[in-house]
Amino acid sequence: GENVEQHPSTLSVQEGDSAVIKCTYSDSASNYFPWYKQELGKRPQLIIDIRSNVGEKKDQRIAVTLNKTAKHFSLHITETQPEDSAVYFCAQGNTGFQKLVFGTGTRLLVSP
Amino acid sequence: GAVVSQHPSWVICKSGTSVKIECRSLDFQATTMFWYRQFPKQSLMLMATSNEGSKATYEQGVEKDKFLINHASLTLSTLTVTSAHPEDSSFYICSASGLGGFDTDTQYFGPGTRLTVL
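Order-wise, the sequence lines are chains A and B. When we follow our numbering, the leftmost residue of the first sequence carries the number 1, and every step to the right adds one. When we follow our numbering, the leftmost residue of the second sequence carries the number 1, and every step to the right adds one.
Do not take every clue at face value.
[Said to hold, decoys possible] With a cut-off of at most 35 angstroms between alpha-carbon atoms, the simulated DSBU-like pairs for lysine-lysine come out as follows:
{"hint": "1", "chain 1": "A", "residue 1": "K42", "chain 2": "B", "residue 2": "K41"}
{"hint": "2", "chain 1": "A", "residue 1": "K57", "chain 2": "A", "residue 2": "K68"}
{"hint": "3", "chain 1": "B", "residue 1": "K64", "chain 2": "A", "residue 2": "K99"}
{"hint": "4", "chain 1": "A", "residue 1": "K58", "chain 2": "B", "residue 2": "K66"}
{"hint": "5", "chain 1": "B", "residue 1": "K41", "chain 2": "A", "residue 2": "K68"}
[Stated by the list, open to error] Per label pair, the in silico range of CB-to-CB distance:
{"hint": "6", "chain 1": "B", "residue 1": "S83", "chain 2": "A", "residue 2": "K57", "range": "27 to 35 angstroms"}
{"hint": "7", "chain 1": "B", "residue 1": "D27", "chain 2": "A", "residue 2": "R51", "range": "44 to 52 angstroms"}
{"hint": "8", "chain 1": "A", "residue 1": "S18", "chain 2": "B", "residue 2": "S83", "range": "31 to 39 angstroms"}
{"hint": "9", "chain 1": "A", "residue 1": "R51", "chain 2": "B", "residue 2": "S73", "range": "43 to 51 angstroms"}
{"hint": "10", "chain 1": "B", "residue 1": "R114", "chain 2": "A", "residue 2": "P82", "range": "19 to 27 angstroms"}
{"hint": "11", "chain 1": "A", "residue 1": "S9", "chain 2": "B", "residue 2": "W10", "range": "22 to 30 angstroms"}
{"hint": "12", "chain 1": "A", "residue 1": "S18", "chain 2": "B", "residue 2": "K64", "range": "26 to 34 angstroms"}
[Unchecked claim] To give an idea of the interface, some chain B residues facing chain A are shown, with a C-beta separation under 10 angstroms as derived from the structure:
{"hint": "13", "residue": "V4"}
{"hint": "14", "residue": "C13"}
{"hint": "15", "residue": "K20"}
{"hint": "16", "residue": "Q29"}
{"hint": "17", "residue": "T31"}
{"hint": "18", "residue": "F34"}
{"hint": "19", "residue": "S43"}
{"hint": "20", "residue": "L44"}
{"hint": "21", "residue": "L46"}
{"hint": "22", "residue": "G53"}
{"hint": "23", "residue": "K55"}
{"hint": "24", "residue": "F67"}
{"hint": "25", "residue": "T78"}
{"hint": "26", "residue": "V117"}
These aren't lab readings, by the way, just hints derived from the structure by calculation. Every residue, glycine too, gets a C-beta built ideally from N, C-alpha and C.
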């Protein structure tokens, strides 16, 4: 069945440190892995996504890595800033079906 | 681009009444819309998937007669919570994916509707 485990549930870092959030999935047919950032009371916003044909994707301070063999993918945020504080959700999907299964979320707190 | 609106942003209603929530894609054609509910400090739980012009597909455990979904056009989907009860109080969020030059796999979320049933 479809299942996404996300760790850690909370993460506190100092400004300037790096943050890493990891997700593990079970559906081997999954080939689309987006990451969303949700601030309190607001909509989830896509920050980066990766497809199964690549192992890593980077966008400025944000990067995502994918290990299809181990069925896990990770979000890396470097040089964290207080405005990075939010809840981050990973998700897995299968292109064509479009349905996403979300992880349980990670609350990131970046202290000045 | 890829803007999704939702209305109302919040609603308070009495137990037993019905509430309609609208989800619109403003600058693209949404071939597929999704409805989620989110309880405080929890993840997004998919309720149903709707494709324009066809019946919605509900997730296991979601009562289709209670949560009526209509996707009448490529820019509008509605969720009606019928005979609402306090346990239906939640944050309801829609998302849309589709055509218009954007990645068809990407889901763009609306701002959400906070429903409180007294």
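Evaluated hints:
1. K42/A with K41/B: The hint holds at about 13 angstroms.
2. K57/A with K68/A: This hinted pair holds, its Cα atoms lying about 14 angstroms apart.
3. K64/B with K99/A: holds (18 angstroms)
4. K58/A with K66/B: violated (43 angstroms)
5. K41/B with K68/A: holds (29 angstroms)
6. S83/B with K57/A: 27 to 35 angstroms: violated (46 angstroms)
7. D27/B with R51/A: 44 to 52 angstroms: At 24 angstroms between Cβs, range violated.
8. S18/A with S83/B: 31 to 39 angstroms: At roughly 49 angstroms between Cβ atoms, S83/B and S18/A fall outside 31 to 39 angstroms, so the hint is violated.
9. R51/A with S73/B: 43 to 51 angstroms: violated (30 angstroms)
10. R114/B with P82/A: 19 to 27 angstroms: Cβ of R114/B to Cβ of P82/A: about 26 angstroms, so the range 19 to 27 angstroms holds.
11. S9/A with W10/B: 22 to 30 angstroms: holds (27 angstroms)
12. S18/A with K64/B: 26 to 34 angstroms: violated (45 angstroms)
13. V4: Hint on V4/B: holds, closest Cβ of chain A at ~8 angstroms, below 10 angstroms.
14. C13: C13/B check fails; min Cβ-Cβ to chain A is 20 angstroms, beyond 10 angstroms.
15. K20: violated (20 angstroms)
16. Q29: Since the shortest Cβ distance to chain A is 14 angstroms, the answer is violated.
17. T31: Holds: closest Cβ of chain A sits about 9 angstroms from T31/B, inside 10 angstroms.
18. F34: Status holds, d = 8 angstroms.
19. S43: holds (5 angstroms)
20. L44: Result: holds, 5 angstroms to nearest chain A Cβ.
21. L46: holds (7 angstroms)
22. G53: violated (16 angstroms)
23. K55: Status violated, d = 16 angstroms.
24. F67: F67/B check fails; min Cβ-Cβ to chain A is 17 angstroms, beyond 10 angstroms.
25. T78: Status violated, d = 18 angstroms.
26. V117: violated (19 angstroms)
Violation of the numbered hints given earlier is confined to hints 4, 6, 7, 8, 9, 12, 14, 15, 16, 22, 23, 24, 25 and 26; the remaining hints are satisfied by the structure.
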